[in-house]
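K.L.:
If you want the building blocks of each chain, they are given just below.
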Amino acid sequence: MARSFPPEDPLLHGASRDAKPSGKKRRSLWSRLFLTLFSMRLDKSGHRLYVAMLAFMVVFGAISWKLATLANLPDEASTKIFQPDQIAKARPDIVDRNGIVLATDLKTDSVYAEPRRLIDKDEAVELITAVLPDVDARELREKFTKKKGFVWIKRRISPKEREEIFRLGLPGIGFAPESKRIYPNGTAAAHILGGAGVDNNGIAGIEKYIDGQGLSDLAGAGLAAQPADLTPVKLTLDLRVQHALRDELMKGMDKYKAKAVGGMVIDVTTGEVIALASLPDFDPNIPGDALDPDKINRVIVGTYEMGSTFKALTLAMALDSGKETINSQLDARSDLRYGKYTIGDFHPTHRILTVPEVFIHSSNIGTAKMALAVGVDGHKAFLKKMGQLDRLHTELPESAEPQVPKYWSELTTVTVAYGHGLAVAPIQAVMAVCALVNGGNMMPPTFLPRSQEQADAMSVKVIKPETSEAMRYLMRLNAANKLGTAGKADIDGYFVGGKTGTANKNFHGHYDASKVFTTFMAIAPADKPKYLFMTIMDEPQAVQGTFGFQTAGWNAGPVTGAVIERTAAFLDMPKRFDPPAAPFPTMVKLGAWGTK
Amino acid sequence: MNSRLDRNPIADWWWTIDRALFVLIVLLMVTGIVLGLAGSPPVAERLGLPTFHFVIRQAENLVPAFLVMFLTSFLTPRAVRRTALIVFVAGMGLVVAALLFGVEVKGAKRWINFAGIALQPSEFVKPAFVILIAWAFSEGGRRNDVPGNFLGFFLLFATIVPLVLQPDIGQTMLISMVWVSLVFLSGLHLFWVFGLGGIGFGGLFAAYKLLPHVADRIDRFRNPATGDTFQVDNAVQSFVEGGWFGKGPGEGTIKRILPDSHTDFVFAVTAEEFGVIACLALLSVFAIVVLRGLYLARKSEEPFCRLASAGLVILFGIQASINMAVNVHLMPAKGMTLPFISYGGSSLISLGLGMGFLLAVTRKRPRADYVDRFRAEDDE
Chain A
0 MARSFPPEDP LLHGASRDAK PSGKKRRSLW SRLFLTLFSM RLDKSGHRLY VAMLAFMVVF
60 GAISWKLATL ANLPDEASTK IFQPDQIAKA RPDIVDRNGI VLATDLKTDS VYAEPRRLID
120 KDEAVELITA VLPDVDAREL REKFTKKKGF VWIKRRISPK EREEIFRLGL PGIGFAPESK
180 RIYPNGTAAA HILGGAGVDN NGIAGIEKYI DGQGLSDLAG AGLAAQPADL TPVKLTLDLR
240 VQHALRDELM KGMDKYKAKA VGGMVIDVTT GEVIALASLP DFDPNIPGDA LDPDKINRVI
300 VGTYEMGSTF KALTLAMALD SGKETINSQL DARSDLRYGK YTIGDFHPTH RILTVPEVFI
360 HSSNIGTAKM ALAVGVDGHK AFLKKMGQLD RLHTELPESA EPQVPKYWSE LTTVTVAYGH
420 GLAVAPIQAV MAVCALVNGG NMMPPTFLPR SQEQADAMSV KVIKPETSEA MRYLMRLNAA
480 NKLGTAGKAD IDGYFVGGKT GTANKNFHGH YDASKVFTTF MAIAPADKPK YLFMTIMDEP
540 QAVQGTFGFQ TAGWNAGPVT GAVIERTAAF LDMPKRFDPP AAPFPTMVKL GAWGTK
Chain B
0 MNSRLDRNPI ADWWWTIDRA LFVLIVLLMV TGIVLGLAGS PPVAERLGLP TFHFVIRQAE
60 NLVPAFLVMF LTSFLTPRAV RRTALIVFVA GMGLVVAALL FGVEVKGAKR WINFAGIALQ
120 PSEFVKPAFV ILIAWAFSEG GRRNDVPGNF LGFFLLFATI VPLVLQPDIG QTMLISMVWV
180 SLVFLSGLHL FWVFGLGGIG FGGLFAAYKL LPHVADRIDR FRNPATGDTF QVDNAVQSFV
240 EGGWFGKGPG EGTIKRILPD SHTDFVFAVT AEEFGVIACL ALLSVFAIVV LRGLYLARKS
300 EEPFCRLASA GLVILFGIQA SINMAVNVHL MPAKGMTLPF ISYGGSSLIS LGLGMGFLLA
360 VTRKRPRADY VDRFRAEDDE
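So the sequence lines, in the order shown, correspond to chains A and B.
Per numbering that gives the first Met the number 0, the first sequence starts with residue 0, numbered consecutively.
Per numbering that gives the first Met the number 0, the second sequence starts with residue 0, numbered consecutively.
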């Protein structure tokens, strides 16, 4: 660019000329050093100017580079206002088996702020809290001073509130359409539906199951923003039956002053759960209401010693194994002594009993002897086959591991035979009893529709059909015979069969005779069962009319009876005025006790 | 306009000044008004002033600024030196007066009211200081009988001590950096260059240790989590949201929350409304002015003119670079205006003076003109 300067240029060379040892004068090393260090060499300025140019080019280049980088950054604030997981996504409706809506989405608006865009934070806080008095001003101010691009002010405001905030005309305040989950039936099927959180994620029950089926992925990908885009999820529940069940359980809980009750209606041929309730329950519309530990779903999450209900399993095992027949005789004359333990009967008979008598008198001694006849290994294998030793999974995310004794002795077999020492979830016992009465086909209960073909395809044969007939016969006998314990559930015209169960509650290894857990399982109609009704009651009390009894036949039994009577019409179970002609042909042929 | 045959002063001026520099400076002046239209209304509204208050004020100040530049550019180097000396002495007097009697604004005494006009005298000191240093070093390098180097050192301390007392770390830094550049360009032994670099860093370290607000700013730059980086965050957000092409004039929103959108952060507002393309164009203008100035300095054979033009252009370039670097968050926040673009009356007139000096010392002159003069002086 510039021409080079001749070194002898006097103007630019003044100092260096002087610095040279001119003449003969000898200069000391120090003075030369002094001159070198302190002299201005203007002749050097040319090269040094190039250095300055280079420095500026570097600086300007760096700024340009940074500018380009910033320009290429994705503009988060204006293109992506929300984190996708922040906004409540749409959920499919949940309907019962008849298409009645159990859960649906309501469109609401949520108000948010983009603190970076707020011009006057104090003014914004003041105006917003004036419209939304329940928003804490201090908290809001804190949110606004955070260095965040996005904060919620309040989720799900009313249209009126939205309008008022809109009219404030504050920049940096916006509204996001959100879905709010609504359960129009309130508590009716709370435990099955579960609930959805503030971001409309399923947090429990079927709601959580739906999320697990890929709803989250769909919504995350920007699809399925509208509930209309989503196919409703149809459950096996019948809201009418559900409501009746819950209502009767509620009445029963009040009447018998029970701590908690639970109940279930299930289609024994397909495993479809028609109704399931556990009280106390919660309202899924109220956030946090489900968190009370007393409000757990006792039918699925609770594990209990099922008491005499388990005798049905023991008898079925004994009959199916061939060790006993329906006409076998069992000696119940004296208590069964086992080490330091004595096993007696609640309704002692002190005589030799036939198998049906063991069942209807609910003889612990007779049942224990049958189990001992099969043996510990056979007993364990049978319970394993019946799904009583493993955790049962349904569609609901909730489940409970059965409490299986770590060490299984003969005494264990004796007590488990009549339902003590092994705690299972009630739904687990229901599954087993269904198999006992439906011809021997076991399948897990389900909350999603299952056709008969699907049920047949997935079911496992666990007992012989003859054994199943015997079990039906025994359960019917238990309800029909005046000596049986299930008489209170024998609703006329439905040919009900049933089995009671009363277990003393175990507190820290000791059974408390005054505190019981009662169960009742009823099948209808007993000749060709379609439904199983179950009721469980935690610590029911002896009240007026129960003659001091707190056993299942006096509380869970009548409640189940009331449920059957009330729901039969919905369940397509016409009342039969004449009993079936030949309900148990094999039993008659064998001449079982009670057939005459 | 003027024929080269005309010998009237205007024609002479037109044909001897560096027209490229002149045109670019005028371009910057006009750009300043245009960008002021974008950056200043939010501030004016916030202060309850008419929307275009700052734009109008800037345009009003541009008239004296241009006149100062125009008139100064006529001066001969000798007249430049004399003017600079007068301006420097007067300026320093006012700086000291501001220290003693000035109004405290945002914790610093920088302003003095002079006949109803608020002046920031340190602005006027800057170009005059550069000229005086160039003068001292060019004399010191050329002649042994003038204690040029000593004067150069003395001037630096005389200038920055009052500035540190104000305190005005930005101006102090700027003046020190220009001074070091001039020492470097004067051909002082590299030993000193590095030594002074060390002193500079030492000074910065001392400022970091002794002045809490400096420490605070540097900490915030190094670790944004330690404090409020509101301004810089918003500035950076302006570039991101503006993107390459901007949101369009008047469409900016971040400028409403940038406290100094009309002064220190006008570059960010430019990005938000006109895009990074416009920023790059603006940056190019500054770069061309700086490189052109340094090129002219390189071409100049007269030591004073060379040092003076280089010093003035370095002052201008460093100020622009620091402002832009702060805006894009390459540097800790430092109150530094963008020459001609940021609002500020004193700054504008001071820039007019500086650019006038620059045009004056880069004017083409016959070589014999000054050689003879110096010879004559030498012979005295």
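Source of the hints: derived by calculation from the structure; they are not laboratory data.
Wrong hints could be hidden among the right ones.
Lysine-lysine pairs mimicking DSS-like chemistry, simulated, CA-CA at most 27 Å apart [what the hints assert, rightly or not]: (1) K246/B with K147/A; (2) K322/A with K384/A; (3) K588/A with K529/A; (4) K460/A with K322/A; (5) K460/A with K384/A; (6) K142/A with K106/A; (7) K504/A with K379/A; (8) K145/A with K298/B; (9) K460/A with K588/A; (10) K405/A with K379/A; (11) K294/A with K254/A; (12) K65/A with K333/B; (13) K246/B with K120/A; (14) K246/B with K145/A; (15) K384/A with K529/A; (16) K179/A with K159/A; (17) K481/A with K384/A; (18) K460/A with K504/A; (19) K298/B with K363/B; (20) K120/A with K333/B; (21) K246/B with K65/A; (22) K588/A with K322/A; (23) K65/A with K256/A; (24) K208/B with K43/A; (25) K294/A with K179/A; (26) K363/B with K43/A; (27) K147/A with K333/B; (28) K108/B with K246/B; (29) K322/A with K595/A; (30) K233/A with K106/A.
K.L.:
Find the hints from earlier in the document that the structure breaks and name them by number, from lowest to highest.
P.N.:
Per hint list: 8, 17, 18, 23, 24, 28 violated.
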